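J.: Each chain is listed here by its residues.
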Amino acid sequence: MKFVDEFRDGQLARIIAGKIEAAAQPDRNYNLMEFCGGHTHAISRYGIADLLPPGVHMIHGPGCPVCVLPIGRIDSAIELADRPGMILCTYADTMRVPASKGASLLKAKARGLDIRMVYSAADALRIAVANPSREVVFFAIGFETTTPPTALVIRDASRLGLANFSVFCNHVVTPAAIASILESPQVRELGAVPIDGFIGPAHVSCVIGSQPYEYFAEKYRKPVVIAGFEPLDVMQAILMLMRQLNEGRAEVENEFSRAVTREGNPTAKQLVAEIFELRRTFEWRGLGEVPYSALSIKAQYARFDAEQRYGVAYHPVPDNKACECGAILRGVKQPRDCKLFATVCTPENPMGSCMVSSEGACAAHYSYGRFRDADYTQRKGAKDAKVAKEPR
Amino acid sequence: MCLAIPAIIVERRAGDAAVIEMDGVRKEISVALVPEVQPGDYVIVHVGYALTRLDPDEAQRTLALFAELSDGRSR
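Chains as they are written, first to last, in the working numbering: chain A, 8 to 399; chain B, -10 to 64.
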């Protein structure tokens, strides 16, 4: 496929790996956070970690909307679906996220609730049009990439005068999450890792542009390189970040220039601004309450706001005590540090949210990296044994 | 979740609709967020919506940058 295959070329990957090797200063650590789950997935899937010199560390960020959705929000979605005559539409990603008391949307569907997986927000709108005697709620989650389609269906529902359609809005915003990692006292208390630079989001940036990151680069002196989700994009971004760090620069650079401009998509931004406003605060799994980090539907469109329409009350629920999702989302721990990883918690039976989405750090590591750990431990063990056996 | 796929626009339809093709598969999507696109343009598709137009010249420049053996910024 054009714009895909050429960005996965193995020969070019080796060239970039060589440049990364050459750029790595031997006595220096490069702690780079890839914010997005899409990058986390690419790093695991294409074995990019194996092509990096020892001093370059990739830290997985909280940019996976499924992973950061707190349990209480899934509970609310199940409560909505439980209302008589309700059809709850949702992206497939949320179906298996564990809710309270071992529940999930998938299990709720199995016990007979009308919960429907949709590919597009537009499908939810079509279901509402086709079922005028039923109430239809669209359970909306996602970052700036996924927000404009939700804005469009609210606008269209308003134009059509639909009386049976509303949106349970859980859209979150990227810049606030990055700021929270860098400066929130709560996150500092919970523990965070030193980060030297960020790989900036691919498709989020198609919408919001590169401009919003300029603030971070300037205020926190951290370089940001916006990168596409293909493996060569990620490698080139790592190289660009290392060069910035070597030269003491902290700028916003755009590796994904084939799709991202400084301004982003003005049509999408205007639409989102017309329909949504910032919430004062929103709970993120792993980060806690983050100020101005999520969107709610404006008063003008209140009749399409499921929270207002059905009086949804939010009840925070603590994560499973043994689950390390929180620390993993802040980059403090790796999936292999979690006792539940690949034992109790697997993609088939996820305990924590990071195992649910294929972009979650745990699911990505489970699918592509868990045998690398074993191999590493084995090789290290064999080497130690050999050293021990050799006569002195 | 932010997964999105490059696809070519093969047909504009009434309103905001367009038909895209990716690897032989055709599908109707909405181009309400990029109303200016025309057949032949490549777009990034996410949950049934085109998010942005892909710039083939910029893509070529990026690929050329990958292939450079020395520091790209010396150009």
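Derived from the structure by calculation, the hints contain no laboratory data.
It should be emphasised that the depicted structure is a prediction, and the values quoted were computed from it without experimental measurement.
Where is the CB? At the ideal position from N, CA and C, for every residue including glycine.
Do not take every clue at face value.
List time: in silico DSSO-like cross-link candidates among lysine-lysine, alpha-carbon distance up to 27 Å [what the hints assert, rightly or not]:
hint : chain 1 : residue 1 : chain 2 : residue 2
1    : A       : 226       : B       : 16
2    : A       : 276       : A       : 114
3    : B       : 16        : A       : 9
Incomplete in silico selection of chain A near chain B, CB under 8 Å [to be verified]:
hint : residue
4    : 13
5    : 72
6    : 102
7    : 119
8    : 120
9    : 124
10   : 127
11   : 223
12   : 224
13   : 270
14   : 272
15   : 277
16   : 281
17   : 308
18   : 364
J.: Taking the hints in turn, state whether each one holds.
T.: Hints and how they fare:
{"no.": "1", "hint": "226(A) / 16(B)", "verdict": "44 Å, violated"}
{"no.": "2", "hint": "276(A) / 114(A)", "verdict": "36 Å, violated"}
{"no.": "3", "hint": "16(B) / 9(A)", "verdict": "17 Å, holds"}
{"no.": "4", "hint": "13", "verdict": "6 Å, holds"}
{"no.": "5", "hint": "72", "verdict": "5 Å, holds"}
{"no.": "6", "hint": "102", "verdict": "13 Å, violated"}
{"no.": "7", "hint": "119", "verdict": "27 Å, violated"}
{"no.": "8", "hint": "120", "verdict": "23 Å, violated"}
{"no.": "9", "hint": "124", "verdict": "12 Å, violated"}
{"no.": "10", "hint": "127", "verdict": "3 Å, holds"}
{"no.": "11", "hint": "223", "verdict": "19 Å, violated"}
{"no.": "12", "hint": "224", "verdict": "17 Å, violated"}
{"no.": "13", "hint": "270", "verdict": "11 Å, violated"}
{"no.": "14", "hint": "272", "verdict": "6 Å, holds"}
{"no.": "15", "hint": "277", "verdict": "10 Å, violated"}
{"no.": "16", "hint": "281", "verdict": "13 Å, violated"}
{"no.": "17", "hint": "308", "verdict": "17 Å, violated"}
{"no.": "18", "hint": "364", "verdict": "6 Å, holds"}
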